[in-house]
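Based on these hints, arrange chain B on the given structure of chain A.
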Amino acid sequence: DTAVSQTPKYLVTQMGNDKSIKCEQNLGHDTMYWYKQDSKKFLKIMFSYNNKELIINETVPNRFSPKSPDKAHLNLHINSLELGDSAVYFCASSQDMTGGRGYTFGSGTRLTVV
Amino acid sequence: KQEVTQIPAALSVPEGENLVLNCSFTDSAIYNLQWFRQDPGKGLTSLLLIQSSQREQTSGRLNASLDKSSGRSTLYIAASQPGDSATYLCANSGNTPLVFGKGTRLSVIA
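Here the protein sequences line up with chains A and B, keeping their order. In terms of this note's numbering, the first sequence is numbered consecutively and its last residue is 114. In terms of this note's numbering, the second sequence is numbered consecutively and its last residue is 110.
Isolated chain A, as found in the complex (with noise of 0.2 Å):
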């Protein structure tokens, strides 16, 4: 019954590692989106997918690569990790681009490069 749920929610591998982080969303929403949340816990924005298209690409280093092969999913890989990619990554989906009938947030998934 889990509206977005991501998988792993926890993730430890070493530096200069390539890991993925998946994400699904049983919604019907056509918009997604990958969150990340610092050690300092504030949120920001890294991408948003709107029906499988990249719409938001907010200065994200491109050793990020977000996948969607369809609405329901957002992938995201991760090349050549780096300490400070040590982050709690969210996944969330709205029912359109403006969000007007809210967001609704994944559990999270905890990645720490040692």
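Since the hints were made in silico from the structure, they are not lab data. You may find that some hints are simply not true.
Chain B is faced by these chain A residues, among others (derived, beta-carbon under 10 Å) [what the hints assert, rightly or not]: (1) Gln6; (2) Thr13; (3) Gly16; (4) Lys41; (5) Ser48; (6) Val60; (7) Phe64; (8) Arg101; (9) Tyr103; (10) Thr104.
Not the full set, but computed from the structure, chain A residues with beta-carbon under 7 Å of chain B [unchecked claim]: (11) Thr7; (12) Pro8; (13) Tyr10; (14) Leu43; (15) Ile45; (16) Gly99; (17) Phe105; (18) Gly108.
In the DSSO-like style, the derived pairs of lysine-lysine whose C-alpha atoms are separated by at most 30 Å in a straight line are [what the hints assert, rightly or not]: (19) Lys22(A) with Lys40(A); (20) Lys42(B) with Lys71(A); (21) Lys42(B) with Lys19(A); (22) Lys36(A) with Lys68(B); (23) Lys71(A) with Lys19(A); (24) Lys40(A) with Lys19(A).
The beta-carbon is built from N, C-alpha and C at its ideal position, and this holds for glycine as well.
Then chain B, alone, in the frame of chain A:
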């Protein structure tokens, strides 16, 4: 660029008190405003959504209001309980995806 400010950054109150959390925006083009709660190590739980045509929303002991002309929102929590302890985040969706404030960390002491 839209910025969201939340005051206070942290708040500690005894159980039973009524309290107000404040949120302000630099961009008056507020489309929709959403309040979230985040427990330590957990995800975001949506509390209240105020759509652009609305002025307030209520859910149980929570009431959120929105004043678009001044770019401010307040979250009122009545009769606070220890279970209300969490970080409260406001976010404005404007004409961009949600922009968050840094949150108010609330502790309700029994």
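* Are the Cα positions of Lys42(B) and Lys19(A) separated by 30 Å at most? -> Holds: Lys42(B) and Lys19(A) sit about 22 Å apart, inside 30 Å.
* Minimum beta-carbon distance criterion (10 Å), Lys41(A) to chain B -> Cβ of Lys41(A) sits 6 Å from chain B, so the hint holds.
* Does Phe105(A) pass the interface check with chain B, least Cβ-Cβ distance below 7 Å? -> holds (4 Å)
* Report holds or violated for the interface hint on Gly99(A), using the least CB-CB distance to chain B and a cut-off of 7 Å. => holds (4 Å)
* Per the CB criterion, is Gln6(A) less than 10 Å away from chain B? -> holds (9 Å)
* Asked: Minimum Cβ distance from Arg101(A) to chain B below 10 Å?
  -> holds (7 Å)
* Asked: Should the interface hint for Phe64(A) be scored as holding, given a Cβ-Cβ cut-off of 10 Å against chain B?
  -> violated (16 Å)
* Asked: Measuring from the C-beta of Gly108(A) to each C-beta in chain B, is the shortest one below 7 Å?
  -> Hint on Gly108(A): holds, closest Cβ of chain B at ~5 Å, below 7 Å.
* Asked: Regarding the pair Lys36(A) and Lys68(B), is the alpha-carbon distance no greater than 30 Å?
  -> Holds, at about 27 Å.
* Asked: Keeping to a limit of 30 Å between CA atoms, is the pair of Lys22(A) and Lys40(A) held or broken?
  -> At roughly 24 Å apart (the allowed maximum being 30 Å), Lys40(A) and Lys22(A) satisfy the hint.
* Can Val60(A) be said to touch chain B, with a Cβ gap under 10 Å? -> Check failed: Cβ of Val60(A) comes no nearer than 13 Å to chain B, outside 10 Å.
* Given pair status - Lys19(A), Lys71(A), alpha carbons within 30 Å -> holds (22 Å)
In this structure, the hints that do not hold are numbers 2, 3, 6, 7, 11, 12 and 13, in rising order.
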